[in-house]
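So the sequence lines, in the order shown, correspond to chains C and X.
In this text, residue positions in the first sequence follow the UniProt record's numbering: the first is 1, and each later residue adds one.
In this text, residue positions in the second sequence follow the UniProt record's numbering: the first is 1, and each later residue adds one.
None of these hints come from the bench; they were simulated from the model.
Built from N, CA and C at the ideal position, the CB exists for glycine as well.
Do not rely on the hints blindly, as some may be mistaken.
With a cut-off of at most 35 Å between alpha-carbon atoms, the simulated DSBU-like pairs for lysine-lysine come out as follows [unchecked claim]:
| id | chain 1 | residue 1 | chain 2 | residue 2 |
| --- | --- | --- | --- | --- |
| 1 | X | Lys319 | C | Lys435 |
| 2 | X | Lys251 | C | Lys70 |
| 3 | X | Lys193 | C | Lys435 |
| 4 | X | Lys171 | C | Lys70 |
| 5 | X | Lys9 | C | Lys124 |
| 6 | X | Lys298 | C | Lys435 |
| 7 | X | Lys298 | X | Lys319 |
Calculated from the model, a selection of chain X residues having no Cβ within reach of chain C, i.e. all distances over 10 Å [what the hints assert, rightly or not]:
| id | residue |
| --- | --- |
| 8 | Ile162 |
| 9 | Glu269 |
| 10 | Asn273 |
| 11 | Ala281 |
| 12 | Leu320 |
Calculated from the model, a selection of chain C residues having no Cβ within reach of chain X, i.e. all distances over 10 Å [what the hints assert, rightly or not]:
| id | residue |
| --- | --- |
| 13 | Pro7 |
| 14 | Gln33 |
| 15 | Leu172 |
| 16 | Ile296 |
| 17 | Gln346 |
| 18 | Thr348 |
| 19 | Ala349 |
| 20 | Met373 |
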Amino acid sequence: MSGLLVPKDERGLITHVAHHAALPFVARKKSAQVRPKIDPELARLILWYIGCATFWLVFGTTVGEYVGIKFVAPDVDEVSWLSFGRLRPVHTNAVFWGWASLAMLGLGHYVVPRVSNTQLFSTKLGWYALVLINVTVFSGTLCLMAGINNGGGEYREYIWPVMLPFAIGLVLTLYNFVKTIANRTTKEIYISNWYIVASIIFGITITVVAYLPFWQNGLGETIIQGYYMHQGVGMWFMLFTLGIVYYFLPQQLNKPIYSYSLGILAFWAQILFYTTIGTHHFVFSSIAWWLQTVAIVGSAGMIIPVVAGTTNFVMTFKGAWFKVPDSYTLPFFLTGIVFYFTGSLQGTAEAFRSTNLLWHFTDFTVAHSHLTMYGIICFFLWAGIYAVLPRLTGLEPPQITVGVHFWLALIGLLFYTIPLMYGSTLRGLMWMEGKPFIDSVIFMAPFWLWRAIGGSLMWLSHLFFAYNMYHMIVSSVVIDIRETAFEAIVQENND
Amino acid sequence: MDFFDNHTKLFGAAFLLFLVLTVFVALVPAINNEKNNAPLPGFQPLSDDAVKGKALFVANGCVACHTQQVRNVDMDKMWGQRPSVAPDYAANERTDLWRNTATLMGTERTGPDLTSIGTRQPSKEWNLVHLFNPRIVVKESIMPAYPWLFEVKKEPSQEDVIVTVPERYVKEGGILVAKKEALQLVAYLLSLKQTELPGGAPPNGMVSTFLYKKETKEGSEETSANPGPDGSALYATHCQACHQPTGEGLKGAFPALKGSEIVVNDNPELMLNIIINGYDAREEFGVMPAIGKNAELKPDEIAAIMNHERTSWGNNARKLSGQEVSKLMDAIKQLPNQ
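Generate coordinates for the entire structure from the input sequences, incorporating the hints supplied.
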């Protein structure tokens, strides 16, 4: 050490010493398990799906945030393209078809071949579907802002030529997935694939039913609308996401799912009950009374799949709860499960005639849709994304910003929904008492302000999520020690 | 089980179950409704302008905040004279090749229901001002403003419809004029009225009464403690959008009630007649709808409104009793309708 020669330092023992050990500001969580590499072609496809989804999440919630601000400051702009009625569907459709659908499909492209223990049938089809769906959301956004929409039914505001590429994308994906499953090397079809493939079949079915013109005149439009908007939420988003959870949750806990049979029960019960509940959005309307009753009964029946699913997930945690504090994906799963239970049962509670008196037409519905689409779907999707991306790229997100993402999203959601539920319950009471309508508008002002605050936190969390995505895809600073070591050995041998 | 291990059978079964349910809860009811439904005999089809106005209503996403359905529950009574029934929507057909039917029933009531807005607020002037910027007439409103449906002209021509708004909303020297889109949209809004049911009864099997009525407690203590209808709340519901909370109205659009000869007159007959039957005799002001008739106000409710107007904002006329109003109402009913 006292000589003049520069010491040999092949392992970086001298040159790579960290002089400033960072203070442990937050608890360090476990790193992702190193897994066998997957086909780089497929990895690229999945990254693109999730990357596009992230873009639409940030875009769609920026719009949502702006729309929320308009409740507090209605004169913030005077541009027709940015008016409330046009931007609201831009927000909902971008987060539905852009963010959630693409993220689900991205994760689906990982899960389906994995649990079939085979290769994806065709990555090319995956790319086509990705492009087609992006085309739909992009052109749909422009159309809505220009004032071109389908007639005002929620979530089918895109006109049919805009929605067509989306539908084709789903058909291609279905073909791709079914072919993959047909090539499986396992005997059984893992439950994830039941949920995922079924949801694509149902997604195509409802889109076709909603856009064909043969049953859309007069009240027919409303009946189909109720059916479509609710199946979109429950049979497309919920079913697909459950399929993702059935794969990633046991895998992250490193133990099998608690009960296969409960998963199967929940699957069939969901189809049986969920399909019938669309009309509960139009209770007391001029739609036939019997159909309203069927919808209410179906909504009550939803308790069965929800309780079965929740039990299954929670029992899978049994004996592995200690893993939660050590993991940065499991808190997302757990939050999703809590909202799956509470949010879904809230939906049942809202469907009855007596509760409709109180809550229908108020912002309670808005709070409910955020508790479910955000609390359940988004949290599950983030959980899956944080689980899968390090496997594709070998790169992990900075743990502190994952934590920031989690807490901002969760606290933001609670700030958003709880005041809104409280305020709109009282607003419903004011309506029932026959108070002047404008009094109920004035009354809501502080609750709308809370919504804007909560919405801002949620929006901020998405920026952190996008930042984490960047770290999991692009940053190349972190060196995979094993890989480098192997490379070094290979090189040495070659020398 | 073998069945579950065969992907064709498994997914086929799931699809079949879903399809059968879809047919029964969506397709059959929808087609059935289409087949067995027709507009009521008294139904007025939309005028050409109103059709274009409806397209603007759809394009601007008004349905996000405004429903068009009076539910058959008591709390919806304020939005129409009867619950909506299927024939009310029967005339809605596919818009064009690109766009679906728009029944516009809505799912959210951030703003008022519009089923009978044409009856409730028939004043073109009010609707134009309100569209240009709702906060001119309703201070607390959070509805978006639609300034792009209007333009400012230096010298409007004879055909131009001039919209009177407070000066701060228009750049100096200009006069605000409604574009044809604004007029079309208003034409649509004014066309929104409930068609009367033939013979007053709904077609078979349809609920025509308002359910879940508020329970009126019969106890004697309750009635003696009950001060009667709240005049200021009724004023807020029925009158305030035009005459304003201050009773001062809006210059050039809606007359002031503060200090009004008609309001403070010792003989309330003319005032009562206007409230019940509406008024459109003075050109400089907007049309006053037949509030009393449309909302089916009871004598003591009308008395409460009148007393509120007669004793607020410095007005100081004698209060009327429900009985007196009731008697006068009977007399007014005998008069020929103007």
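For each hint, the structure was consulted:
no.	hint	result
1	X:Lys319 to C:Lys435	holds (23 Å)
2	X:Lys251 to C:Lys70	holds (29 Å)
3	X:Lys193 to C:Lys435	holds (23 Å)
4	X:Lys171 to C:Lys70	holds (24 Å)
5	X:Lys9 to C:Lys124	holds (27 Å)
6	X:Lys298 to C:Lys435	holds (17 Å)
7	X:Lys298 to X:Lys319	holds (17 Å)
8	Ile162	holds (20 Å)
9	Glu269	holds (27 Å)
10	Asn273	holds (24 Å)
11	Ala281	holds (28 Å)
12	Leu320	holds (22 Å)
13	Pro7	holds (63 Å)
14	Gln33	holds (30 Å)
15	Leu172	holds (16 Å)
16	Ile296	holds (12 Å)
17	Gln346	holds (17 Å)
18	Thr348	holds (17 Å)
19	Ala349	holds (17 Å)
20	Met373	holds (15 Å)
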